[in-house]
Each structure stands twice: as structure tokens, then as C-alpha cells.
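Chains as they are written, first to last, in the numbering used here: chain A, 1 to 337; chain B, 1 to 337; chain C, 1 to 337; chain D, 1 to 337.
Read the hints as simulated data drawn from the structure, not as lab findings. Among the hints, a few may not be true.
Taking lysine to aspartate or glutamate pairs in the EDC-like style, the calculated list, with each CA pair at most 20 Å apart, reads [to be verified]: (1) D:Lys-194 to C:Asp-169; (2) D:Lys-89 to D:Asp-170; (3) A:Lys-118 to A:Asp-169; (4) B:Lys-6 to D:Asp-10; (5) A:Lys-198 to A:Asp-169; (6) D:Lys-194 to C:Glu-143; (7) A:Lys-75 to C:Asp-176; (8) C:Lys-71 to C:Asp-176; (9) D:Lys-118 to D:Glu-335; (10) B:Lys-194 to A:Asp-170; (11) C:Lys-70 to A:Asp-170; (12) D:Lys-327 to A:Asp-170; (13) C:Lys-260 to C:Glu-36; (14) C:Lys-70 to C:Glu-36; (15) A:Lys-194 to B:Glu-143; (16) A:Lys-327 to D:Glu-335; (17) B:Lys-71 to B:Glu-36; (18) C:Lys-89 to C:Asp-176; (19) D:Lys-194 to C:Asp-170; (20) B:Lys-75 to B:Glu-214; (21) D:Lys-75 to D:Glu-215; (22) D:Lys-201 to D:Asp-170; (23) B:Lys-89 to B:Glu-280; (24) D:Lys-71 to D:Asp-170; (25) D:Lys-148 to D:Asp-170; (26) D:Lys-327 to A:Glu-335; (27) C:Lys-198 to C:Glu-155; (28) C:Lys-260 to A:Glu-60; (29) B:Lys-194 to A:Glu-143; (30) A:Lys-198 to B:Asp-170; (31) A:Lys-6 to C:Asp-176; (32) D:Lys-6 to B:Asp-44; (33) D:Lys-198 to D:Asp-84; (34) B:Lys-194 to A:Glu-168; (35) B:Lys-326 to C:Glu-215; (36) A:Lys-194 to B:Glu-214; (37) D:Lys-6 to D:Glu-60.
Some chain A residues near chain B, calculated using beta-carbon distances under 10 Å [as the list claims (entries may be wrong)]: (38) Gly-43; (39) Asp-44; (40) Asp-49.
Every residue gets a Cβ at the ideal spot worked out from N, C-alpha and C, and that includes glycine.
Number of protein chains: 4
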Amino acid sequence: MIILLKRGADKKDIESLRADLTARGFSLHESTGTTESLIGVVGDTSILDQSTIEARACVEQVTRIAEPYKKVNRKMHPENTVIDVRGHKFGNGSLQIIAGPCSVETEEQIMTTARAVKAAGATMLRGGAFKPRTSPYAFQGLEAEGIKLLLQAREETGLPIVTEIMAEDDLPLFEDIDVIQVGARNMQNFKLLKALGKLHKPILLKRGLANTIEELLMSAEYISAGGNTDIILCERGIRTFETMTRNTLDISAVSLLKQKSHLPVCADPSHATGILSLIEPMSLSLIVAGADALEIEVHCTPTRALSDGGQQLTPEAFSSLMDNIKKMAEFLGREIG
Amino acid sequence: MIILLKRGADKKDIESLRADLTARGFSLHESTGTTESLIGVVGDTSILDQSTIEARACVEQVTRIAEPYKKVNRKMHPENTVIDVRGHKFGNGSLQIIAGPCSVETEEQIMTTARAVKAAGATMLRGGAFKPRTSPYAFQGLEAEGIKLLLQAREETGLPIVTEIMAEDDLPLFEDIDVIQVGARNMQNFKLLKALGKLHKPILLKRGLANTIEELLMSAEYISAGGNTDIILCERGIRTFETMTRNTLDISAVSLLKQKSHLPVCADPSHATGILSLIEPMSLSLIVAGADALEIEVHCTPTRALSDGGQQLTPEAFSSLMDNIKKMAEFLGREIG
Amino acid sequence: MIILLKRGADKKDIESLRADLTARGFSLHESTGTTESLIGVVGDTSILDQSTIEARACVEQVTRIAEPYKKVNRKMHPENTVIDVRGHKFGNGSLQIIAGPCSVETEEQIMTTARAVKAAGATMLRGGAFKPRTSPYAFQGLEAEGIKLLLQAREETGLPIVTEIMAEDDLPLFEDIDVIQVGARNMQNFKLLKALGKLHKPILLKRGLANTIEELLMSAEYISAGGNTDIILCERGIRTFETMTRNTLDISAVSLLKQKSHLPVCADPSHATGILSLIEPMSLSLIVAGADALEIEVHCTPTRALSDGGQQLTPEAFSSLMDNIKKMAEFLGREIG
Amino acid sequence: MIILLKRGADKKDIESLRADLTARGFSLHESTGTTESLIGVVGDTSILDQSTIEARACVEQVTRIAEPYKKVNRKMHPENTVIDVRGHKFGNGSLQIIAGPCSVETEEQIMTTARAVKAAGATMLRGGAFKPRTSPYAFQGLEAEGIKLLLQAREETGLPIVTEIMAEDDLPLFEDIDVIQVGARNMQNFKLLKALGKLHKPILLKRGLANTIEELLMSAEYISAGGNTDIILCERGIRTFETMTRNTLDISAVSLLKQKSHLPVCADPSHATGILSLIEPMSLSLIVAGADALEIEVHCTPTRALSDGGQQLTPEAFSSLMDNIKKMAEFLGREIG
């Protein structure tokens, strides 16, 4: 951390700042120029509140130089974290395709869709039982019944289940779920993150609509700090001024997360674009950018969907997409599954 | 809702769309032009999933024309909602000033600050017991102990307490709290909103960093739909590309919320700007824009604060700000308290 | 400027960096900690390319600490710049109200509107002769004829004229214009800024839709560097994710610009919001936030306007707004005109 | 265009609106429901000002349904536009790689870099002679001398030249240039666009930092409306809240532009990310997303660059990138050149 002092700052104020920092165990390296004076603070500065130091009369500006995330930082842990989900691996170079409907709606709907995505080559099944919806009047999910239907689909198809949790209270329902998803709106629900940090179960952590890459890593740090290091980061589009797409897919984030962190990275082209004709080009681009997994919405009958029908692929379209994903994976020397 | 049909769409597809909509009780008004054909859907379209209609082969585009919020819509309820908190009113034209520290840190800190803001003319006390922090290594709040200290401060000063909740589980601790605050990061924590909808207690609902005005109203609709209509909306700055301020204060939102909804509106210049020298001009501007209340951070010793010291006013600065707030309120014919 | 060196950086690389910087006349202040090493660069670092220093193998990160604007920086020039336009002053504490139509359309339209705004108390007349329009099929302005009509309106009403330039070529047409406006889309048209820097005429410089406060000041620095220091900065709303308003009025920018720079600051509530019912509350708030001037769109018959009819006030509405502006100015002890 | 009428609107107002629209040659299709009444306006509505219609007392809201761009719209012109630049084609499925330095600095620098990118397989040379820089104190380009050096590099290497224009006045200097680039900051410099519309020379039109996809298409429409249809659209990153990358690469825009328009699409991973380690993954992803061309910054000695050294590849790094681009092109069955 670098503290830039104000020109002509009171010497007593500076002395008091120095004393406080050394009392907390930091070493200080000072540099006094003709126009600027700096104090470099060395030690674990993640415990210092930047804004509170800026509140001092002698301080012009405080700049953090160390990255605030540690456990999830590749600098601290150069090897990829590899997460094993019923034999399917995230982070070892293989590619996982997580497909399924936006919401679990009926037994017939989820079973039909599960069979179809399995047949096309998906390696895991997604489906929402608890749905965060902007409107209280929209379909809110089947909840416990939805979880039961997902487990039934796993029973038949063998596909591991990825599904979203909305509150700590519901954790008991997720005991048999393979990967627990944290949705974009809960990325900074820190109570929930702390609870998930105590589990021994992989977490798929989606980036918030307006959260930076660093904030996503800090939310992963919350889970990691609790002891659970099986975290899959997920880019799903950010909110920008552009309105032609539902969100703006930040594909750079995928490559950058792989560089900054050792955690596996997933991407969700369905939510990122909200446009059917973009799902194929974006899926292939994301694989090239280094994604370890894709999460893609597929519904047996999109025109009857209770939510987001317009961005869910039909089984036929998904099957055709999988053909191209397989070719790309082969070209890149990556295995699906 | 207006459905624009694709040129040359298959007649059977259109017929099937018509049949589905009329079966669900909607009346249809069709308009066929030389280049465009439209179907106007009349009825309670808030239950229709726009994206799912767009999934149909015959549909080009769907436009909603009705506002999706009802209970909080001024069109449905033209009179201001007035909320009474121990005799202090939100929404009747008077002005409430909610002041206090970012976090409750110690008994001495909260008591000193509470006495100071009371003396300066604040009408309520704020202070965080549960703190949503980006880093797991930052101070997380005193939790239950913090709530206890806030109640002790109310005991002595008589100031009603406004403090933030982070999860439904903690509700029992908030039983004696006067106004429960939902923070920006939880604005779309729908489980929490549903739980708050069942209470008989005022809720201060802060706008999310990247949430639209309509989404804020929809979150208020969630609480309202549960039966609790005592909701204070709060603008606290949105995330934009600008980096010189912590967030961008959307002052238009204050006036617009007053026009679109009957609920009272608060604003938080401390979080919106993060810059001490902006708190006074923004506070006065927000009052002129129609805010029913302001929430302002004050700390007895900002340079010792465990969080956000740089945006907390000293008691002296707050007292000077209150002098100007009082003059402005008098000019506008508004009473403080 | 602070250069953070990479851990374990090659000593020869660091030596070469040091040599290059000292050869260019900078003094270096180094600070070597156990984990981080820094070089503080002292001198006029505005000529250094930050990105090029970051290209060096030994460099982790470069942080600028000095503000890159100088001539327009209040630190270098603590007194307000006061600009005199035919006896009306910007920057001396008085308030200028610049009103008129979006576009000059006909002689009758501009004369009627000019008389109306004069009668209501406006101190200057605005009106677009050259119109930047998103669509090539939209009305592009009367150009030279529009300038002539504006001068005719000044002749009759005595109101000084503010109108927008779109290219250096058109400068001869602006010879008799009182204040030349640079629109948001041209804020970084550096060729145009350089040309305006050579004039002896006030420039009203509007902030770009996606430009930071610092970039606005840097564009003012371009004009100032050429010798023309009569610059009025103008906040007119920025582009964000919010769609209910046309743009998001960044009212903090008004107060912050007054603190960071000695230049006068104007604001445009018409373009910032695009919503008639917001123009009055925003106008009053902007005055309270410290604006030296407001630019407000008024049209004698908005429903017949060739552009932006929906955000132009009728003469009656403007007159009623002026009544409230006058009361606020009186309360604040500020003179209009 | 669909006009939603206000409930209980005055019949005379509606009649006057109808009369005005029919007098301008539009046909109207009305639909009166129990709660909403609509007027569908049929004809070339691109000449109607939406805001002005919304100014009428009887109008609640106006929705455009037709896309406002015509000449550049794929619906009007289903076949790809193919642009031939000295035998290299944009838009016929082949891939163009435009490489070179940010700025032309010296004869040695541009000649060395040109030879290197040619050797590595680039098909065109880029280099800035006129540089739009945020600071007036930064290097502004060699201007006419820079153009001369670029032509000299073409003379030796045979690579066609792509370089940026900043003002119409400079057009004579661009007579021998192969492709004229319009930079992001000039995307809505409509005077310049109109001038370029009269040329017979390809234009590379970069998307503005905060401009929507539709606005980019409208700027292309300006050029096209003047008669010049040889336009290459270019995605180069947009401004968002994310600060870890210089801009946010909107890769969806590349695929979407190919679907919405018949014009070829280029992308610039150097400016979009500003991070060297992202240039390779983004380049390959962009090709997969459908880009017809890439523009990549390469400098013979980035650590000596006068601008943007940190995002310019060394010749060695570019050569290694080209190896991977060639493999990907071969896999996709696309020819480079």
C-alpha cells in the first residue's frame, strides 16, 4: 500500500499516522521528493481500511498495490485447482457442458430435456428449482419438488446435477446435489458465501451483473476462506449501456480469470446474450478463450417455457451446437467429459 | 403488451399463439398493415413471460406497455404513503435526517456519535451491526452485540434506529429495531424480501449498484405483495464508468421515484459519492429534488473508523451541515422531524 | 508517478529503466521493501506514456499521482475564472439561464421563442443551427441560415447567442456568435478543440456521454493550452444502464468540477433527463449544487418541433420554472444575469 | 411505429395527431382495447421524430419497430458486401490481419515493424499519423510526415495501408491511403462521415466507446447514404464499470453485426483489452465469432514506443500469434489474405 501525503501536511499528523501503522506491525518505507512524499506500507495490508487512512488530514491518496485476494490467487497457488464431480473434471483441460432448462417445470419436461441433452453429449444437467425473478408475479420455481425431479433425472441419465441456491436455509435440500450454483444476484450475499465455505461440495459462483472481476475473486475468497476450495467461477454477462443483447458477454474475463486464479472457469452464453442466434458463436469463442465449462439453456419446448423461453435452445438446436463443440474440442485437443 | 409478428409468418403458428392467449383469458386486438402486423394483448400481462412469447417462430418482437409494478405504482394509489416511526413521519412532506456511523464499533463510539448527531438535529440513528464487506478479511460488524448497543443508544437519546439486515435468519435480532434496512447488495435477495413482506415494520430498501429504477420498484413490489406496505425507497448511487466518485448519484431517480410511486424516498449522499466535500452540496440538492429523508454517515473519530472512514463526517462537520439543511428546509416550508 | 517493480525483476532491466528516466530529467526516489520495490518519479510526468513504461519486463504497475490537467486545475489557479459575455458573467457567483429551442427551424419559431424566454427572464438564447443527429435521415439543422436567424433574434431581444459548432471549417460563420458550444459527441474532437484554443471567444464545452470528469478537464486543457482560457464546462448527463431517463444526470460532477477547476460550470437538465417533469426539480438541484449556469430547451410549440419535442418546455412552463429559479436564487443570494 | 395513447386522452388531440400523420402520407392502423388504445403508423417512419410525437398531450409512449438503418441492413441487402483492397478481400470469408504500431514514430521504426509484420504473415499495415490523445501534452503523431512514411513502407512491403483520419481538412493527405480509419472518438463526427460518404475508398469505422451497436450501424448509414458503401465495421471494446481491462471487448457485437448487416466486420483486441496476455486468446475467439479481419498493434520496440507501449506486441510475439491464427483459419477453412 502506498500513501501519498499532502503537500505541506502537518508533521504531527504524519507522525501519528506512522506510529499507528508501526504499532499494527507494518514496516514503512518513506520517500520524500521535492513535490511528493510517499509512505510505502509493507505487511498484510488486506486488514487496513483504505478509506479510513484517507480520512486523515495529512493524506492525499492511498493506492493498493497488492491484490486483495490470496487463497484464490494463482500467484499463491500456481497449479490449476481440479474439481472432480462424479468423475467429470473441471480444471484439468477437459471441457464440461452443463445443459438443461432455465426452470424445472414438470416431470415430463425435465425428464425429456435431460434425456435429450444426454443424448447430444452434455456432461451435466442444469435446471432451476429456486428461481430469482424480478417480478413477484412471475413463476418462482418448484422448489423442493424441483430438486426431487432433478435427482430423478440424474438417477435415469447419470448426469450430475447443477442447481441454484437462494438462501442458507435451503441447504438441507441440496445435500444430494452435485454442484451448488450461486446466482449473479447473490454473488455478494456474504452470509450465503460463508455458509457455502463450510461445505465439502463444489460451488459454481456466477459473476454479478455489475461486479468487477476482482469482486468475483473476492467472493470466491469468502468461500475459500471458510475451507471450501472447490469453486468454479462463471462469467454470465455484465450490465452495460448496450440494449441489443440482454447483457454484454465479457469474454476477456474468462481468459483473465484463468490467468489471475487457479480456479476453473465456466461461462454461460445463454444469459450473457439472451439471443438464440448468438449461442453457437459465443459458445465456440468461449472455449477458445479458455473456458473449462459452458452452461447452456435447453428446453424440450421453449415456446411453452414458464421462464426465458426466448433464450433456450430446442434439443435439435443443442444437438447441432454439440456437433460443432465436439469438432472445436478435438481441434484444440480437449476432451469433453 | 404488443406482439409484432414476423413478415410472412406461418398462419398456423399465429393461430396457435392466438389460441393460447385467448385460452389464458386475454383479449386480442389485431392490426394488420401493409408491412407490419401486430397483436395487442389486453389483460393482466404481468403473468406472461415475454421471452417465451418471443421464442415462437411467428414473433418478431414483444413490447410491454403496462408498468409491471402495481401495488407501489402511484397510478393505482395516488396518495403518498406516510410511514410513522415513533412519531417521525416519512412521506408527509417533512424531512427525516438519519445519521450515524458506518459500523457500530464500541459502546463509546456509538454513544458519543449518537449524542452528537442528536445534538446537531438528526431525527434517527443509523449504524451497521451486520456489515456486507467485499473482503472476508475486513471487519464484519459486531452483529448481535451491535444491535444491543444501538438499542442502548436509542434508550438514551430517543432516536429511532435504522440498521441493516443481511439474512432472514437474523430477523429475531431485529424485533426492537425501528426501521430495517436492506442494503444495495441484497436488493434482489428475493427470499429476504419475501420474509420482510410478512412483517409489520418499516423497510428502508436501497437501490442496487446496477439496478434500474424499475427493478427497485419491483423489489418494493415483492415486499408489498407480502402485505407490508411500509417501504422507504433509497437512492445511494449507481455503478458507472466514472471513477472520481465512488458511485454516481442518480438524483433524477429521486424525483422520478416520487412521481412513479406513492412510497417515500430517501437518499444516501455518503455512499453515493464517497467524498466528504460533496456531502453538503449533494444533501441540499437531494432535498430540493424531493427526498423525504437523507441517510448520512457520521463518526465521532473518522480516522479511527473500522470501515469507510473517508466518507464519514466528524460531528462538527455534521453540525455545520445540519445548519444549512435547516435553512433549506425552512425555505422550502418543510419541517425536520 | 510511482513505478511498482516486479518481484525478482532482472537488475539490468531496472538499471536501464532508471537510466532512461534520469536521462529525461526526472529525479527518482526508490523504496525497497521486503516484498515490494517502488520507484517514485518526480518531475513533469505528464509527458511520460504510462503504458510504455508498463511494457518493460521489470515493471508490475504504474500509478499516476499528479493530476494530468494543469492550466484548468484550481490548485494552479485558485481564483475563479470569470467570463464576461456582453455584460453577463459566468463564474462570479451570478446565475445565467440559457434558454431556447433544440433547433432553429423558422424565423417565426426562433423569434417567438426568443421573445418568450426573454420575457420569462432568460439571460441568453440557445438554438442549434448545426445539429448532430444519429440518423442521416433526421433534420440536420438550417446551418448558415440558422446562424443568421439567431443573430436576428439577438438584434431584437439583446440576448447573447450560444450555439453549437460541428467542424473547424464552419468557424467563419461563428464570428458574431457570443458563446460557441462544443457538443457531447465532439468533446474529444481534438482538432476542433485546438482550433477553438486559438480564438478569443468563450467556449461552452459539453461532457461526452461516456467521458469521465478527468477527460472533460483534459479537453478543456486542450483549449486552454492553445491560449483561450474562457471555457465553460457543461454536465449534460452520462450514459449508464438506466433506461427510464434519457441519460443519467451526474450532479456530483457539477460540485466536483467547481472544486477541481477554476472554470465556471453549466448544466443541461433537458438533455440529461429527456423528461419534462424532471426539468424543474433538476434545475433547482443543479443551482444548489453550485452550477453557474443552466441550459434549458424551450420551444414555442414543442409538438411541432423538428427534433426532441418531448424534452422542450413550452413558454408557459418555462415561465413558471423561472419563477421558482428566481426564488431559489434569491434564497441563495445569487443574482440572475 | 406504434403510438400508445393515454387513457382518457382528449379526442380532439387524437384527431389532430391522426390528421398530421395522414397529411404526411402515413397510413394508420388503430386498435382500441378496454384499457389501451394504439395507433400503428405505417410508412417510412425514419423521418418522424419520436420525441416530438411524445410531446403531444394524448400520447403515452412511442415505440419504433422498424430498424432505423436501411442501406446497411442485411434485410435490404442479404448478400455480403465484399470490399477489395489491392486484391485482399473483406467479407468473402477470408481473413485479413492488419498489424503495425500504434503511432508512426520514425522511418526506422515503421520500416522495421512493417517488414516484421509482413514476414509473420500480416496482410495489411496499420500505423497512426494523426493521433487522438486525451492529453494535449502527449505525442500527437507525425501527421503528413507519418503518411509519407506509411506509403514508403507500402512501397517496400506491398502491404496496403490503414490509417486514421481526424478531420475532413486532412483528406487530401489520404489520397493514396488504401483504407481510411475513423477512430472511436469520431464515430459520431457526422460532418466527417458525410465527407467520407462522397469518396470511393474503403472506410474502417470503429465503434465509439459508449456507442450502441445500432448507433454504429447508423454511422455507417451516414457514409452509405452519401454513396460510399465500402465500409468495414470495427468492434474495439466499450466503456463499462470494469477497470481490470482497458475496455470491455463486446464479442457478441461481432456476431450480431454480421447478422444485422451485410458489411464486413473487423475487431481490435489490442485496444479492447490493453493487456498483452489477452491478445492471443481474444484474437482467436474473435475469428471464431466471425470477424472478417483483426487489427493488432505491433511495435519493433514496445518499451520505446511514444504511445501505448504496454499493449503493442513485439515482432516475436506477433509471429507466434500468427502461427496460431493460421492454424485456426485452416481449421475453419478460411484463407488469410
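Verification of the hints:
| no. | hint | result |
| --- | --- | --- |
| 1 | D:Lys-194 to C:Asp-169 | holds, 14 Å |
| 2 | D:Lys-89 to D:Asp-170 | violated, 26 Å |
| 3 | A:Lys-118 to A:Asp-169 | violated, 31 Å |
| 4 | B:Lys-6 to D:Asp-10 | violated, 33 Å |
| 5 | A:Lys-198 to A:Asp-169 | holds, 14 Å |
| 6 | D:Lys-194 to C:Glu-143 | holds, 15 Å |
| 7 | A:Lys-75 to C:Asp-176 | violated, 63 Å |
| 8 | C:Lys-71 to C:Asp-176 | violated, 27 Å |
| 9 | D:Lys-118 to D:Glu-335 | holds, 16 Å |
| 10 | B:Lys-194 to A:Asp-170 | holds, 15 Å |
| 11 | C:Lys-70 to A:Asp-170 | violated, 58 Å |
| 12 | D:Lys-327 to A:Asp-170 | violated, 49 Å |
| 13 | C:Lys-260 to C:Glu-36 | violated, 32 Å |
| 14 | C:Lys-70 to C:Glu-36 | violated, 31 Å |
| 15 | A:Lys-194 to B:Glu-143 | holds, 15 Å |
| 16 | A:Lys-327 to D:Glu-335 | holds, 19 Å |
| 17 | B:Lys-71 to B:Glu-36 | violated, 35 Å |
| 18 | C:Lys-89 to C:Asp-176 | holds, 18 Å |
| 19 | D:Lys-194 to C:Asp-170 | holds, 15 Å |
| 20 | B:Lys-75 to B:Glu-214 | holds, 15 Å |
| 21 | D:Lys-75 to D:Glu-215 | holds, 17 Å |
| 22 | D:Lys-201 to D:Asp-170 | holds, 15 Å |
| 23 | B:Lys-89 to B:Glu-280 | violated, 23 Å |
| 24 | D:Lys-71 to D:Asp-170 | violated, 27 Å |
| 25 | D:Lys-148 to D:Asp-170 | holds, 13 Å |
| 26 | D:Lys-327 to A:Glu-335 | holds, 19 Å |
| 27 | C:Lys-198 to C:Glu-155 | violated, 27 Å |
| 28 | C:Lys-260 to A:Glu-60 | holds, 14 Å |
| 29 | B:Lys-194 to A:Glu-143 | holds, 15 Å |
| 30 | A:Lys-198 to B:Asp-170 | holds, 19 Å |
| 31 | A:Lys-6 to C:Asp-176 | violated, 46 Å |
| 32 | D:Lys-6 to B:Asp-44 | holds, 18 Å |
| 33 | D:Lys-198 to D:Asp-84 | holds, 18 Å |
| 34 | B:Lys-194 to A:Glu-168 | holds, 15 Å |
| 35 | B:Lys-326 to C:Glu-215 | violated, 36 Å |
| 36 | A:Lys-194 to B:Glu-214 | violated, 30 Å |
| 37 | D:Lys-6 to D:Glu-60 | holds, 5 Å |
| 38 | Gly-43 | violated, 13 Å |
| 39 | Asp-44 | holds, 8 Å |
| 40 | Asp-49 | holds, 6 Å |
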